[in-house]
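Enquirer: Sequence order for the protein chains is A and B.
Heads up, the first sequence is in the numbering used here, so the first residue is 11 and it goes up one at a time.
Heads up, the second sequence is in the numbering used here, so the first residue is 11 and it goes up one at a time.
No lab work stands behind these hints, which were simulated from the structure alone.
From a predicted model like this one, the values you see are computed outputs, not experimental measurements.
Don't be surprised by glycine CBs; every beta carbon is placed ideally from N, CA and C.
Be aware that a few hints might be false.
Listed next, with one range per pair, are the computed distances between beta-carbon atoms [what the hints assert, rightly or not]: (1) B/N306 / A/N94: 35 to 43 Å; (2) B/K74 / A/N48: 37 to 45 Å; (3) A/E157 / B/G231: 26 to 34 Å; (4) B/I257 / A/D247: 26 to 34 Å; (5) B/K353 / A/K339: 35 to 43 Å; (6) A/S169 / B/K123: 46 to 54 Å; (7) A/K340 / B/S303: 31 to 39 Å; (8) A/E157 / B/K344: 26 to 34 Å; (9) A/E286 / B/E310: 45 to 53 Å; (10) B/N306 / A/K340: 52 to 60 Å.
One side only, chain B facing chain A, incomplete, derived with CB under 10 Å [what the hints assert, rightly or not]: (11) D247; (12) I248; (13) L249.
There are 2 protein chains.
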Amino acid sequence: MAKEKTSALHKNKGASQSEDMNARAIKNIRSKRNTQLNTKTLVASILKRDTVALSRAITLIESKHPSHIKQANTLIEACLPYANQSIRIGITGVPGVGKSTFIETFGKHLTSKGKRVAVLAIDPSSSLSKGSILGDKTRMEALVKDEHAFIRPSASGDSLGGVARKTRESIILCEAAGFDVIIIETVGVGQSETTVHSMVDFFLLLKLAGAGDELQGIKRGIIEMADAIVINKADGDILKHAQLAKIAFSKALHLYPKKASQWTPKVTLCSALHNEGIDAVWNQISDYIAITSENNYFKEKRQEQNKFWLIQTIEAQLSSHFFNRPDIKKELQKQLERIEANKTTPFAAADYLLNL
Amino acid sequence: MAKEKTSALHKNKGASQSEDMNARAIKNIRSKRNTQLNTKTLVASILKRDTVALSRAITLIESKHPSHIKQANTLIEACLPYANQSIRIGITGVPGVGKSTFIETFGKHLTSKGKRVAVLAIDPSSSLSKGSILGDKTRMEALVKDEHAFIRPSASGDSLGGVARKTRESIILCEAAGFDVIIIETVGVGQSETTVHSMVDFFLLLKLAGAGDELQGIKRGIIEMADAIVINKADGDILKHAQLAKIAFSKALHLYPKKASQWTPKVTLCSALHNEGIDAVWNQISDYIAITSENNYFKEKRQEQNKFWLIQTIEAQLSSHFFNRPDIKKELQKQLERIEANKTTPFAAADYLLNL
Numbered sequence: 011m012a013k014e015k016t017s018a019l020h021k022n023k024g025a026s027q028s029e030d031m032n033a034r035a036i037k038n039i040r041s042k043r044n045t046q047l048n049t050k051t052l053v054a055s056i057l058k059r060d061t062v063a064l065s066r067a068i069t070l071i072e073s074k075h076p077s078h079i080k081q082a083n084t085l086i087e088a089c090l091p092y093a094n095q096s097i098r099i100g101i102t103g104v105p106g107v108g109k110s111t112f113i114e115t116f117g118k119h120l121t122s123k124g125k126r127v128a129v130l131a132i133d134p135s136s137s138l139s140k141g142s143i144l145g146d147k148t149r150m151e152a153l154v155k156d157e158h159a160f161i162r163p164s165a166s167g168d169s170l171g172g173v174a175r176k177t178r179e180s181i182i183l184c185e186a187a188g189f190d191v192i193i194i195e196t197v198g199v200g201q202s203e204t205t206v207h208s209m210v211d212f213f214l215l216l217k218l219a220g221a222g223d224e225l226q227g228i229k230r231g232i233i234e235m236a237d238a239i240v241i242n243k244a245d246g247d248i249l250k251h252a253q254l255a256k257i258a259f260s261k262a263l264h265l266y267p268k269k270a271s272q273w274t275p276k277v278t279l280c281s282a283l284h285n286e287g288i289d290a291v292w293n294q295i296s297d298y299i300a301i302t303s304e305n306n307y308f309k310e311k312r313q314e315q316n317k318f319w320l321i322q323t324i325e326a327q328l329s330s331h332f333f334n335r336p337d338i339k340k341e342l343q344k345q346l347e348r349i350e351a352n353k354t355t356p357f358a359a360a361d362y363l364l365n366l
Numbered sequence: 011m012a013k014e015k016t017s018a019l020h021k022n023k024g025a026s027q028s029e030d031m032n033a034r035a036i037k038n039i040r041s042k043r044n045t046q047l048n049t050k051t052l053v054a055s056i057l058k059r060d061t062v063a064l065s066r067a068i069t070l071i072e073s074k075h076p077s078h079i080k081q082a083n084t085l086i087e088a089c090l091p092y093a094n095q096s097i098r099i100g101i102t103g104v105p106g107v108g109k110s111t112f113i114e115t116f117g118k119h120l121t122s123k124g125k126r127v128a129v130l131a132i133d134p135s136s137s138l139s140k141g142s143i144l145g146d147k148t149r150m151e152a153l154v155k156d157e158h159a160f161i162r163p164s165a166s167g168d169s170l171g172g173v174a175r176k177t178r179e180s181i182i183l184c185e186a187a188g189f190d191v192i193i194i195e196t197v198g199v200g201q202s203e204t205t206v207h208s209m210v211d212f213f214l215l216l217k218l219a220g221a222g223d224e225l226q227g228i229k230r231g232i233i234e235m236a237d238a239i240v241i242n243k244a245d246g247d248i249l250k251h252a253q254l255a256k257i258a259f260s261k262a263l264h265l266y267p268k269k270a271s272q273w274t275p276k277v278t279l280c281s282a283l284h285n286e287g288i289d290a291v292w293n294q295i296s297d298y299i300a301i302t303s304e305n306n307y308f309k310e311k312r313q314e315q316n317k318f319w320l321i322q323t324i325e326a327q328l329s330s331h332f333f334n335r336p337d338i339k340k341e342l343q344k345q346l347e348r349i350e351a352n353k354t355t356p357f358a359a360a361d362y363l364l365n366l
């Protein structure tokens with residue numbers, strides 16, 4: 011719960027507005043707010059980079075109403091030919107590491123270079139509170155006002171899988187709306203990093219310098235997923251600590267075998283607050299894109315991710331359909347008790363349940 | 011393939027013989043070799059610690075013949091009340107690390123302490139050659155001859171899941187045959203370590219001292235699964251290297267958060283060839299058993315493992331049943347191509363396939 015309060019992405023419900031907004035389209039959308047939205051108009055507006063239309067479209071994706079689901083599917087299909095042209099960056103880090111400040115400074119750096127930046131979030135914990143916490147609007151203030159940026163709070167949903175699907179569909183819409191860089195923030199709860207990792211091109215781990223125990227308590231597998239580790243707040247008195255942390259993390263990265271991308275992850279220092287080291291992060295990402303475009307890993311990874319999500323979605327639904335059957339629910343508990351009492355094996359119990 | 015040739019567990023097809031062997035039972039078994047084995051007799055012989063009967067029972071488990079499968083299930087069910095009383099130890103390490111020598115010395119150490127030791131193996135690569143390579147019988151010579159030891163080569167099967175099931179069922183039979191310690195060797199191919207890890211109480215990683223780059227090339231996740239790292243061949247000129255390797259591995263272990271078992275994995279040196287440091291390994295395992303019995307983790311882990319295998323088996327079968335449907339096979343390829351051409355999303359494609 012504490013994590014939700016510190017995540018900037020719950021604060022601003024798509025508040026950024028583009029100047030080239032289509033006034034007629036907005037009027038049109040508003041008049042139909044409580045009725046069925048016109049899909050064609052919405053797609054046209056998204057392609058015209060209308061961020062209000064984009065926001066409404068994402069809301070449609072998030073809806074559970076059957077007619078909305080149908081409309082959302084049509085919408086995504088219409089946007090698909092315009093998607094896939096962005097760079098997708100995942101950013102993770104524990105609360106307090108300065109994710110909001112980093113994303114704001116990094117985002118402003120990109121928009122100053124003429125890039126259009128969308129920020130999405132995956133936060134399974136927010137699904138529990140149904141996104142009810144809105145919080146203050148002071149975080150990412152400059153990026154919120156930036157007409158080349160779009161910030162969308164975490165999708166709500168019943169499961170991480172559901173949230174993941176919505177986020178992944180939102181990426182398609184953002185890409186159709188002409189965003190060049192999509193940043194996906196995760197608050198690091200549960201399996202959220204793995205989920206984000208499986209939908210981005212580049213995965214960045216944001217860290218703080220500590221008192222020499224930087225590596226303690228890092229969630230399993232996070233370091234080996236990272237394409238870059240950026241140590242934030244590396245300024246003033248902490249700079250020396252940050253330099254030591256850099257050495258420790260570099261050694262930790264060294265423990266892992268070479269990545270399939272042929273990319274060697276690096277550790278860099280930055281101070282998002284003082285806008286130091288941000289350009290180096292972007293240069294690193296640009297290098298990564300260049301190398302992985304050259305060796306075709308960039309495209310292969312996206313295809314792998316597509317296949318992963320296809321198989322994953324099917325398996326999750328087969329499993330959920332099976333284990334939600336009332337007869338299975340009842341018998342599963344009985345079989346577990348029988349296993350515990352040495353009356354059956356997990357395999358025999360599985361055969362029994364599958365034959366019900 | 012090279013791994014098979016160096017794994018001792020392909021060499022000895024249950025050749026160890028117990029002195030308290032039931033002569034009548036053997037005669038009985040031999041006479042019925044080509045017909046149906048009598049399940050009751052087999053169970054009785056296993057409970058009498060007859061290792062020839064145990065070998066025949068494991069062969070039944072490995073059979074794909076429907077009548078054998080039925081008999082095997084009856085057999086396992088009859089043995090279950092006598093199972094679960096052993097300590098299950100997983101041992102992994104790359105070829106050349108001296109696994110056979112270690113298991114032989116370690117096994118002899120245990121039998122000298124009055125323990126009865128069974129050695130099984132998980133080797134997915136052997137399933138490809140259907141266990142046709144038998145090799146020489148010179149490895150683990152002393153353990154093979156030891157009447158308190160039982161060595162069984164890797165089960166063959168079409169999939170790691172299949173091999174895993176057979177190994178796990180073999181554990182039950184070995185336990186019913188009164189073995190106190192079950193050692194499960196893995197040759198470290200594919201996902202075999204994870205599979206072994208999910209069926210043992212204690213997981214031991216065997217390593218060699220190198221030229222300071224010990225940590226390079228270690229398969230992802232292996233170190234964090236280890237309850238102990240034992241550096242073998244720590245003698246003579248290599249001792250100094252081994253001591254440095256010990257420091258490096260201790261630091262690497264330090265990177266991971268505290269285990270749910272409350273056990274802190276340790277790094278120790280040994281020379282299996284010179285029988286040095288072997289007692290320390292067993293003392294460590296005994297400490298582990300004491301700690302995790304006290305905090306109930308030992309029992310909880312076994313229950314977790316049972317639940318894991320139950321769910322895992324069901325999910326694998328649901329998935330394999332779905333993806334082996336001829337219509338799905340055909341449409342899956344088409345949908346993957348549509349995704350690649352930006353004509354659909356993985357989620358829409360999944361919905362489509364599930365509705366076929």
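Enquirer: Indicate, hint by hint, whether the structure satisfies it.
Expert: Structure-based check of all given hints:
1. B/N306 and A/N94 have their C-beta atoms about 51 Å apart, which leaves the hinted 35 to 43 Å range violated.
2. Checked against the given bound of 37 to 45 Å, the beta carbons of B/K74 and A/N48, roughly 60 Å apart, lie outside it.
3. Evaluation of the 26 to 34 Å hint for A/E157 and B/G231 yields a failure: the beta carbon distance comes to about 45 Å.
4. A hinted range of 26 to 34 Å holds for the C-beta pair B/I257 and A/D247, which are about 31 Å apart.
5. Evaluation of the 35 to 43 Å hint for B/K353 and A/K339 yields a pass: the beta carbon distance comes to about 38 Å.
6. Between A/S169 and B/K123 the beta carbon distance is about 50 Å. The supplied range of 46 to 54 Å therefore holds.
7. Between A/K340 and B/S303 the CB atoms are about 33 Å apart, so this pair conforms to the stated range of 31 to 39 Å.
8. At roughly 42 Å, the beta-carbon separation of A/E157 and B/K344 lies outside the given 26 to 34 Å, and the hint is violated.
9. A/E286 and B/E310 have their C-beta atoms about 48 Å apart, which keeps the hinted 45 to 53 Å range intact.
10. Between B/N306 and A/K340 the beta carbons are some 28 Å apart, a value that contradicts the proposed interval 52 to 60 Å.
11. Among the interface hints, the one on B/D247 is violated; its C-beta lies about 26 Å from the nearest C-beta in chain A, farther than the 10 Å criterion.
12. Of the supplied interface hints, the one on B/I248 is violated, with its beta-carbon coming no nearer than about 22 Å to a beta-carbon of chain A, more than 10 Å.
13. Among the interface hints, the one on B/L249 is violated; its C-beta lies about 24 Å from the nearest C-beta in chain A, farther than the 10 Å criterion.
In summary, the structure is inconsistent with hints 1, 2, 3, 8, 10, 11, 12 and 13 from the numbered list given earlier, while agreeing with the others.
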